[in-house]
Amino acid sequence: MAFRRLLVSSTVPFLFALGLGACTAPDEPGQQAADTASASAADKLSGSQDAANPTRNAYFGELHVHTRYSFDAFAFGTVATPDDSYAFAKGEPLQHPAGFEMKLDRPLDFQGVTDHGMYLGMLPAMTEPGSPAFEHPMAPQMRSVETVDDRRSMFVDMMPYLAGADGTRQYLNQSVVESAWADIVAAANRHNDPGRFTTFIAYEYTSAGGVRDNLHRNVIFRGDKAPLAPFSRMDSPNPEDLWAKMDDWRDAGMDSIAIPHNSNGSGGRMFQRTYYEGAPIDPAYAQTRMRNEPIVEVTQVKGTSETHPGLSPNDEWAGFEIMPYKIATNIISAVEGSYVRDAYRRGLELAESGAGNPYKFGLIGASDSHTGAGAFEEDNYWSKVGLLDAEPNLRGSVPGGGGNAGVSVADGEAEAPATIRTQDGSGRTYRDTYYHTWGASGLAGVWAEENTREALFDAMRRKETFATTGPRIRMRFFAGPELSGLDMTDPSFLSAAYERGVPMGGDLYGSTESPAPTFMVWALRDPLEAPLQRVQIVKGWVTPDGTTEEKVFDVVCSDGLEVDPVTRRCPDNGAGVDLQTCKITDGVGADELKAAWQDPEFQADQSAFYYVRVLQNPTCRWSTWDSIREGVEPRYDVAPAIQERAWSSPIWYAPA
Amino acid sequence: MLDRLRGLLTDRFTVFALVGLAFFGIDMLNSRQTDRIHINQADLAMLEGRYELQAGRSPSADELEALIAFHAREEILVREARRLGLDQGDVILRRRLAQKMELLLQDGLPEPVITDVALDRYYEATRDRYVRPARIGFRHIYLGSGDPPAPVEVDRLRNALRESPTSEAWRGMGEAFMLAREYAPRPQPALAELFGPGFAAALFDARSQSGWWGPIQSAYGWHLVRALTYEPEAPLSRAELGATLIEDFTASERAVAEAEAYDRLARRYEVTVDRARP
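As given, the protein sequences belong to chains A and B, one line each in that order.
Taken in order, the first sequence gives residues 844 to 1499; the numbers are from the working numbering.
Taken in order, the second sequence gives residues 46 to 323; the numbers are from the working numbering.
Because the hints were derived from the structure by calculation, they are not lab data.
Misleading hints may appear alongside valid ones.
Partial selection, computed: residues in chain A whose CB lies under 7 Å from chain B [what the hints assert, rightly or not]:
#1 893
#2 1334
#3 1367
#4 1396
#5 1434
Heads up, the beta-carbon is just placed ideally off N, CA and C, and yes, glycines get one too.
Using the sequences and the accompanying hints, generate a full structural model.
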């Protein structure tokens, strides 16, 4: 412990000396440690412990955040440790690599630090004399990075090593990986505070298929024990091998789930109809996948993967925070097989054809920040790749000179930095990065009896989860034929709904005598954010010919407005946002929306899924906040305002 | 890469190189006598050890010869570079040396001695850092959103509550609420996050009010509330701090020792700055 601390604290001034901490005032390291420790103690003792709630509480957390142990985060200038990241999640400030302070507007209830399993801890070790990684062929380059372009090059030049290209494998020091992992595990266990703040031992399995088709997932452990080292893409790039390993771990008493993310950048491979090697999916695949991957991260900084206008042309809200590229490239990603609504439909089709449903997953959101600190608020946004996108002009929200600060890789080759792009006839020029397609998102919402590892993990396994784009919108969703007539205002409503129906993530099975199910939706605004505009139910179903359809139903509107029975839409509630000040329209929107709903097109013999989408009144996008602060017009080719939202895990209906 | 090379070719470097080449030429003319590079047992062990760390096995005989040749080549280049003064003004080299020295300083520091007396002294000196904020624990009955509830309805509820102050009947009153009806003690900011700032402030302002009162408005609507416990801001005792105090004390002692070690070095130097600009 003392040795570890010494290593960490002695590395920090070295990095500052190397220019990694440009613009930062390096605190005396010992003092920094003392402050963090006392703050977390005060936090711990000012917390509270509620009695377990049988009708469950909504807990908000982060299950995707990187620290210095991730190869890319370190190359991007991040020196934050897992300890720093947990302190940040509890509400403490953390210094961004560019020197400013990052702080949440309120603490989170839980977090799992998820550093990249491959090359875990290797890059910081390259700067530590005495570490075997100090002799790595890339170490001299790591120790001499100075500029944003150097960092970009470091990231790109690491690629062959991460892919385990011929002649590179011997340079990975397993002892370094294991030592970093031990530190991550210890930090998670140290910060776990049942009833107040929950942590998870976790890491990211960072694999790809085809041409940089993103297959990344985060592995989250249930307990306080973990294997000696993560199973990474260095072990196998095939996620099916990860699941086999997770099955082994489970047999050895170490339960875990894997949470796929950035399906939007998967080129259609995240939710494909075949095994990794190409054989058609069968029930064995479906079972294995669902046992190991009950939930998916639908929204994060690098875009939202609910659906795409090309897949859902009749959904007016489909074009939300679309990030069209494969990850860390500027190659356009195929949309089919890359978005969760499409996956739900494919799942129904596969099940209908007898192959089982491998895509019956619930939803969460997360940030994927690489600074140790998630940026969830539009007006308090630092994007995610450290020094590479630390400034508005670097992330393309305001005009700025210079070359491409983004990471552009195609077919493993670094592309020449693209020059500046000019477009809207105004003469303004922006850096040609893809960071302007990123967003201040998202959070995981989990319905659990109490804030403990066991309760939260079990809720994720049963998919009683929801995703938000940052605001703490809370939502309930129940369904069942027995719910009809239940009074949603009665104080005993929740216990009755649990007793007589299934919550989000659950299954409904039809029977010949049971009536059509009733759906009950209930959404509560974030008390510190904009009010709610409407609640929708998204339905997908199998048609008699084995294909699927989808439809979006508005089910309850704000301001006493009624859903139009023909268009299935709420009338406009008149909510808007002033793009000069970001002030939102006063006096419109709802604090709470609830409704009982029956599917007017319900067919007892059609398999279907139903999930809820809650929309807030419009607010400024982060890029507009950036431009207002710099006193310039918002960029012409990004949405100036967005409707923050939340999605429930679906409820699936299957005929008898 | 080319950019970086170009960056290195500063004027100063060019000057150095030219001067160096001149020296080199003179050396050649003087047919400089041969330098000796002796690779001893310790050097060999170091080369083998380094190789083993990377490859996970000992080098073969051929590989060892290659390592020796590489080491000799590096040594020759280093000596020639020194001869040309290239080690002067090299930023990376400078930082490496500073880093090595820093590690050496830290390694030499004694582990802090933890005694009750020392912990007491530290606690007394820093106790303003260890404060638990005021907290309120409460129950509430949700009366729905929109317009304030009718006074008649509120009176009816309060009468019912007065009649059965200890029973659990309150749980069945009012409207369904999505979150919990009873909250363990929380500081005001935590309540503001849950119910909105106005609600949290109202609850703290009326902390001494007994029984059920209200309605007060939250971000969601109207509530009757009843404070269960109020705990004023209080210093945290040593017992409550537990291991945290020891961790903080140790970190602080270490930081002081590091600063003192540096100061002892720094005292041997006088730093002067010529701030005049031409």
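Take the shortest C-beta to C-beta distance between residue 893 (chain A) and chain B; is it under 7 Å?
holds (5 Å)
Against chain B, run the beta carbon of residue 1434 (chain A) and see if the smallest gap drops under 7 Å.
holds (5 Å)
With chain B as the partner, please determine if residue 1396 (chain A) meets the hint condition of a C-beta pair closer than 7 Å.
violated (22 Å)
Less than 7 Å between beta-carbons is the criterion; does residue 1334 (chain A) satisfy it with respect to chain B?
Since chain B brings a Cβ to about 5 Å from residue 1334 (chain A), closer than 7 Å, the hint holds.
Hint check: is the beta carbon of residue 1367 (chain A) less than 7 Å from a beta carbon of chain B?
holds (5 Å)
Going down the numbered hints, you'll see the structure goes against just number 4.
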